[in-house]
Amino acid sequence: MQGFLHQLLSGLANGGIYASLALALVMIYKTTHHVNFAQGAMAMFSTYIAWALIDAGFPYWAAFGLTLFFSFFAGVAIERIIIRPVERGPALTVVTVFVGLLLILNSLAGWIFSYTIKSFPSPFPSTAWYGSKYLSSHEVGMIVVTLAVLILVFLLFRFTPLGLAMRAAAQDPVSSRLVGIRVGWMLAFGWGLAAAIGGVAGVMAAPIVYLDPDMMSGILLYGFAATLLGGIDNPWGGVLGGFLVGVLENLAGAYIVGTELKLTVALVIIVGVLVFKPAGLFGRTLVARV
Amino acid sequence: MAAILAIACILPFAISGYHVSQFSQVLIYAIAMLGLNILTGFNGQISLGHGAFYAIGAYTTAILLEKTGIPYWATVPIAGAICLGAGFLFALPALRLEGLYLALATVALAVATPQILKFKGFDCWTGGVQGIQVDSPAAPFGLPINTDKWIYYFCLIWAIALVIIARNLLCGRTGRAMIAIRDHPLAAATMGVDTALYKSLTFGVSAMYTELPARWGRCCLPMSPRTVSPCSFRSNSWSAVSSAASPRFRAPSSGHYSSSSRPISRIRYRRRRPTPYSGSS
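Protein chains in written order, with the working numbering: chain A, 9 to 298; chain B, 294 to 574.
Bear in mind the hints are in silico, worked out from the structure with no lab data behind them.
Any given hint could be a false lead.
Among the chain A residues that face chain B by a calculated CB cut under 7 angstroms, a handful are [stated by the list, open to error]:
{"hint": "1", "residue": "Val-148"}
{"hint": "2", "residue": "Val-152"}
{"hint": "3", "residue": "Leu-269"}
{"hint": "4", "residue": "Val-283"}
Just so you have them, the derived chain B footprint on chain A, three or more residues with Cβ under 8 angstroms [claimed, not checked]:
{"hint": "5", "segment": "171-179"}
{"hint": "6", "segment": "225-239"}
This one's a predicted model, so the numbers in the text were calculated from it and none came from an experiment.
All C-beta atoms, glycine included, are put in the ideal place defined by N, C-alpha and C.
Sequences and hints are given; from them, build the entire structure.
Written out as structure tokens, the structure is:
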């Protein structure tokens, strides 16, 4: 029972990372109907920035803030410079551009920071959390940070004019343009936000998976699984999917397939969702008109 | 056309052994491109996971060679059929969905396959992280050419055969159905084309085309499989990018070098990072 609880809780902690990534993916999907294959690479690059800042002597949270700041503008720049020209292109073009972006970011990270695996500090104490035997402090911190990010994003979208404009631009670009919302910039903001959220996921994941240019690919796969499970156009679904996938992955890894086949769990989830419930748990069912 | 063919035929005698294996590599890539061309160019589908079929084909061949002892040329149809089946079965559920979802599913397949291959339960078949070592074949019938040249001709014959097969496939009824699905799936369905079936079939055929180079990359060319990435638009280095892809090409490679492979491996390996798979949390 204790082992089960432990697996469950650390699954929730991992789920926090997947939830952040899923939220970033959903955000880009909602605004542009693209699945961002480079989300993991963007998060990885942000994490390297954070590492470089910490290495240069910045205190952890200052580096964290600066990283999010940088990620936001990098995300905006990527949307403006790379994505915008192909925005209305066919799916193949967009996917190719995303794969190219992934390659560029990956090689860039390897080139600038070298491919050697680095350890990444955790801001939380290394001791167990208040003597609890189930969760380490970092895992608790991860959950708290994830929830904080989610609440901030929710507040932004629910209570600020910018959030309202972004929602409007995603929902109905033409009408939004008519009432004076600069739709293009709203999409760019969405990208920036997604990049920043991905950065949080990367920085939180790095102490566990260690820092290297490939660190996010497995996590991104769980992010995809979470997004699909929760419904690809529903942010709350994505977040819930993230936690669900984290728990499922950990329990399956501990009791069913073993840690070696954990990624296969993500494959099974993705294919299972696509076959049995393509809209996900909370997504909208798409109906094509013939 | 005839001139190109003539040049291709006499090429191995005009260049050094090392360059011969590089040209074999060219042919191998050409076939893989053909497979993806059928899938993406003629059927309009996106696959980022053909590396998985590559792995399936390579492992099928290696296992057949090692466990059953049948000659290497006879493994071609068997492994081809297995890849066709695997591609078809994977595609059947995934292809009912629109392009992006398919891309997602194929990414998942690509990332998960190496883990499955390395799984301890299959160790007796796959050799786990060690992989399977396969010897390269010598020229048959006592032909007075060395292994490199024989492999080149073997690839050349298959490349020509596969181009002809692909051409016939695409010019006929099947090809028209494929193109119709690419151009307008709804219209194609209205005309009585079974879109899901044709898409899955195309996916299977494409997987089969990917499998064939895999076999040569692994078996005939005594090279490290990591050097062969049969995916065109996602480019070679996609494999280096995702940690997923890296072990796919690395896992079965240990003990797989032969002297003639080293220069190529080295050249092509420069782009790839030599660190171990870090895994995810």
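Hint check results:
1. Val-148: Hint violated; A:Val-148 Cβ to chain B Cβ min 15 angstroms, cut 7 angstroms.
2. Val-152: It is violated, given that the least Cβ distance between A:Val-152 and chain B is near 17 angstroms, above 7 angstroms.
3. Leu-269: 6 angstroms, holds
4. Val-283: 4 angstroms, holds
5. 171-179: violated (count 0)
6. 225-239: holds (count 8)
Of the numbered hints given earlier, the model fails hints 1, 2 and 5; all others are met.
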